[in-house]
Amino acid sequence: MKCINTQNNIMKLKITILALMLTAGTSLWAAGAYTIYPTPHRQIEQAGTVTLGGTVNVVCGKAIDQATRQRAEQVLREHGLRCKFTTSPAKGAANLLLGVNGDKGAADKAATSLRLSRAVFGTQKYDKHLVAVAGKGKAATIVILGENTDATFCGLASLEQMLDEQPGRLSCVTIYDYADVKNRGVIEGYYGVPYSEDVTEDLFRFMARYKMNSYMYGAKSDLYHSQLWEKPYPLTITPEQKKIGMMTQDMMRNMAKVATANKVNFIWAIHPGTAFFDTKSDDVLDKIMEKYESMYKLGMRQFGVFVDDCGVPDDSASLNIGARRLTTLQQLVDKRWNRKGAAPADTVKPLNYVPQLYAYSWVSKEKGERFFNSLSATPKKTVIYITGKNIWSVPNNEDPALVSKWLGREVGWWWNYPCNDNDMDKLFVSDMYANFHDERHIDNDARVTDSLAVKTLISNPMQQGAASKIALFSIGDYAWNNAAFDVHKSFDAAVPAVVGKEYAEAYLTVCPYLRHYDYDSPWPTLEQMRKLAAACEKLGELAKSDNEGARLFYDDIEPWLTKVNDMAHCAIVLLTKDSQTKEAVDQAIETVGKMDTDKKYDVEILNGMGKDIKIGSTQAKP
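Residues 238 to 859, numbered by our numbering, are exactly what the sequence shown covers, in order.
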């Protein structure tokens with residue numbers, strides 16, 4: 238009887254599935270027609286494929302801006318396709334239609350004719366868009382429709398990865414997507430050598446590919462951010478100054494251009510220190526506005542104010558003057574650049590503010606409440622940041638909920654991860670939770686929530702900007718789709734995304750040894766050492782890669798990689814004495830003896846602060 242009931246239940250299940258497929262037309266839920274990161278919220282596989290080759294006609298709605306048009310051209314060109322901008326779709330050919338929901342352009346009309354749902358645009362989320370591939374053979378229709386041109390730009394990142402996965406021939410699909418977190422990206426706020434222009438621009442391109450949109454520049458060792466905050470950036474610098482991270486006006490201008498092209502909000506922040514609260518500094522806001530004006534001319538369209546690490550005030554006078562000046566500064570910015578009728582490209586977005594009390598556990602709850610209450614009357618659009626209860630807290634909902642209650646509005650999260658400014662001899666280049674384990678300041682048992690209630694999440698990375706992309710990939714993945722985040726799948730996808738598919742296996746072999754040594758690990762075998770040495774040699778090829786990002790990545794990990802490689806070769810020699818010469822054994826013993834002092838394992842760091850900064854070094858400790 239049980240067997241008969243089971244068979245009946247199976248038959249009912251089959252009928253139900255068939256009915257669902259029929260009512261859905263030719264579409265069905267797919268585990269994923271494409272592997273796209275950040276993970277899309279909804280991806281529906283459709284029947285059929287289309288062929289792309291030669292020329293693709295690109296039709297843009299009126300609201301699609303130049304950066305989005307250029308990004309479309311780039312995506313097609315890098316996949317061997319010619320881009321032809323036209324005013325209407327071509328029959329029987331490949332068409333890429335870009336538009337904004339409701340603009341009545343070609344993309345909007347195609348979405349209607351394809352009976353695509355518009356429900357995604359009604360969600361209380363960010364960068365909402367849809368991507369649809371439809372048609373048959375060479376008659377391909379690719380629709381990307383966003384809530385605005387920035388959202389359409391995000392859709393192009395999905396198309397880019399789809400073309401990577403299925404070059405020349407795309408499976409039909411419909412994707413409905415959005416971000417859980419509005420502002421996603423990076424805060425260059427660590428203590429150490431600031432990123433070079435090349436590293437920063439490489440990060441901007443990486444962020445565009447993986448849908449991150451915010452980069453706040455607050456390099457602690459940049460004199461013109463802090464000690465010389467009121468002075469303009471120099472026109473020229475010496476090689477020595479460049480080595481310690483100094484920037485010229487042209488370098489800043491170039492970075493702003495690349496940020497704009499990749500739709501990254503490049504937020505230049507100023508750190509006036511205690512002058513911001515000094516009652517004797519009546520002209521401090523005028524000086525800040527003068528500096529903002531100089532940065533505006535270099536292409537910046539968003540600004541920040543840092544007053545972190547200046548001591549936490551407790552008296553009413555200091556609290557009030559800080560709030561009053563922040564309010565006035567936002568008003569000055571709006572009056573200068575956000576006048577009625579100003580072109581969108583000429584306006585300036587809201588200020589970002591990092592207060593003295595950014596880790597609220599430093600003071601009692603009563604003092605914390607008083608501090609943030611004092612800022613409650615500042616403009617609501619001004620973003621105020623915390624790092625959570627502690628400096629190294631992992632994003633959660635409890636900390637911002639408490640501070641938001643005191644402040645009267647939401648706060649942004651400055652996430653000190655994968656920051657290594659307290660551990661300059663370490664790299665955090667594994668998966669997120671392994672990195673938590675290796676970073677002694679982070680709660681080893683911490684886990685990210687599957688529903689983060691903040692609008693802004695920016696990561697303070699390592700001094701090694703290119704190597705930080707491993708962690709940033711997963712941060713972007715998490716910020717886009719909290720619930721779908723899988724730490725291991727995200728890491729597995731990050732590796733080829735950063736080092737390339739050819740080098741992914743070698744990196745995964747070396748990665749456990751780049752981490753700070755775990756004394757509880759089992760002793761490696763001779764075979765493992767041979768495999769490790771071969772993997773190190775393979776990664777060494779990145780030094781001469783045609784890909785700039787790969788070369789920058791190698792530069793970042795070189796001291797650690799060199800040390801691991803030497804360790805592996807020494808182990809091989811010392812464990813196979815019978816097949817090695819005395820000279821080889823002696824050389825291995827000598828190498829082991831210098832393992833903690835050899836200059837080739839040195840990592841450059843900055844010593845001193847302000848005008849007394851000098852390049853120093855520490856030993857890499859894999």
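I should point out that these hints are in silico values taken from the structure, not numbers from a laboratory.
Keep in mind that a hint or two might mislead.
[What the hints assert, rightly or not] No more than 20 Å apart at the CA atoms, straight line, and that leaves these computed lysine to aspartate or glutamate pairs for EDC-like: (1) 837 <-> 803; (2) 831 <-> 795; (3) 851 <-> 841; (4) 341 <-> 402; (5) 494 <-> 438; (6) 848 <-> 387; (7) 851 <-> 662; (8) 534 <-> 583; (9) 457 <-> 434; (10) 831 <-> 820; (11) 577 <-> 530; (12) 618 <-> 647; (13) 738 <-> 402; (14) 479 <-> 438; (15) 858 <-> 583; (16) 468 <-> 438; (17) 775 <-> 742; (18) 858 <-> 820; (19) 299 <-> 583; (20) 517 <-> 571; (21) 534 <-> 571; (22) 586 <-> 647; (23) 775 <-> 785; (24) 457 <-> 662; (25) 692 <-> 387; (26) 586 <-> 668; (27) 726 <-> 668; (28) 831 <-> 841; (29) 768 <-> 833.
[Stated by the list, open to error] Derived Cβ-Cβ restraints for the label pairs, each shown as a range: (30) 610 <-> 835: 49 to 57 Å; (31) 737 <-> 642: 40 to 48 Å; (32) 307 <-> 405: 21 to 29 Å; (33) 307 <-> 580: 29 to 37 Å; (34) 324 <-> 573: 50 to 58 Å; (35) 523 <-> 781: 47 to 55 Å; (36) 678 <-> 721: 42 to 50 Å; (37) 610 <-> 468: 31 to 39 Å; (38) 573 <-> 771: 57 to 65 Å; (39) 354 <-> 474: 51 to 59 Å; (40) 494 <-> 827: 44 to 52 Å.
Glycine residues also receive a C-beta, built at the ideal position from the N, C-alpha and C atoms.
These are the hints, each one checked on the structure:
no.: 1; hint: 837 <-> 803; in the structure: holds (11 Å)
no.: 2; hint: 831 <-> 795; in the structure: holds (17 Å)
no.: 3; hint: 851 <-> 841; in the structure: holds (10 Å)
no.: 4; hint: 341 <-> 402; in the structure: violated (31 Å)
no.: 5; hint: 494 <-> 438; in the structure: holds (9 Å)
no.: 6; hint: 848 <-> 387; in the structure: violated (40 Å)
no.: 7; hint: 851 <-> 662; in the structure: holds (18 Å)
no.: 8; hint: 534 <-> 583; in the structure: holds (11 Å)
no.: 9; hint: 457 <-> 434; in the structure: holds (16 Å)
no.: 10; hint: 831 <-> 820; in the structure: holds (17 Å)
no.: 11; hint: 577 <-> 530; in the structure: holds (19 Å)
no.: 12; hint: 618 <-> 647; in the structure: holds (10 Å)
no.: 13; hint: 738 <-> 402; in the structure: holds (12 Å)
no.: 14; hint: 479 <-> 438; in the structure: holds (16 Å)
no.: 15; hint: 858 <-> 583; in the structure: violated (47 Å)
no.: 16; hint: 468 <-> 438; in the structure: violated (24 Å)
no.: 17; hint: 775 <-> 742; in the structure: holds (10 Å)
no.: 18; hint: 858 <-> 820; in the structure: violated (27 Å)
no.: 19; hint: 299 <-> 583; in the structure: holds (19 Å)
no.: 20; hint: 517 <-> 571; in the structure: violated (25 Å)
no.: 21; hint: 534 <-> 571; in the structure: holds (16 Å)
no.: 22; hint: 586 <-> 647; in the structure: holds (17 Å)
no.: 23; hint: 775 <-> 785; in the structure: holds (17 Å)
no.: 24; hint: 457 <-> 662; in the structure: holds (19 Å)
no.: 25; hint: 692 <-> 387; in the structure: holds (17 Å)
no.: 26; hint: 586 <-> 668; in the structure: violated (34 Å)
no.: 27; hint: 726 <-> 668; in the structure: holds (9 Å)
no.: 28; hint: 831 <-> 841; in the structure: holds (18 Å)
no.: 29; hint: 768 <-> 833; in the structure: violated (24 Å)
no.: 30; hint: 610 <-> 835: 49 to 57 Å; in the structure: holds (55 Å)
no.: 31; hint: 737 <-> 642: 40 to 48 Å; in the structure: holds (47 Å)
no.: 32; hint: 307 <-> 405: 21 to 29 Å; in the structure: holds (23 Å)
no.: 33; hint: 307 <-> 580: 29 to 37 Å; in the structure: violated (18 Å)
no.: 34; hint: 324 <-> 573: 50 to 58 Å; in the structure: violated (38 Å)
no.: 35; hint: 523 <-> 781: 47 to 55 Å; in the structure: holds (51 Å)
no.: 36; hint: 678 <-> 721: 42 to 50 Å; in the structure: violated (28 Å)
no.: 37; hint: 610 <-> 468: 31 to 39 Å; in the structure: holds (35 Å)
no.: 38; hint: 573 <-> 771: 57 to 65 Å; in the structure: holds (59 Å)
no.: 39; hint: 354 <-> 474: 51 to 59 Å; in the structure: holds (54 Å)
no.: 40; hint: 494 <-> 827: 44 to 52 Å; in the structure: holds (50 Å)
Consistency with the previously given hints fails for numbers 4, 6, 15, 16, 18, 20, 26, 29, 33, 34, 36, ordered from lowest to highest.
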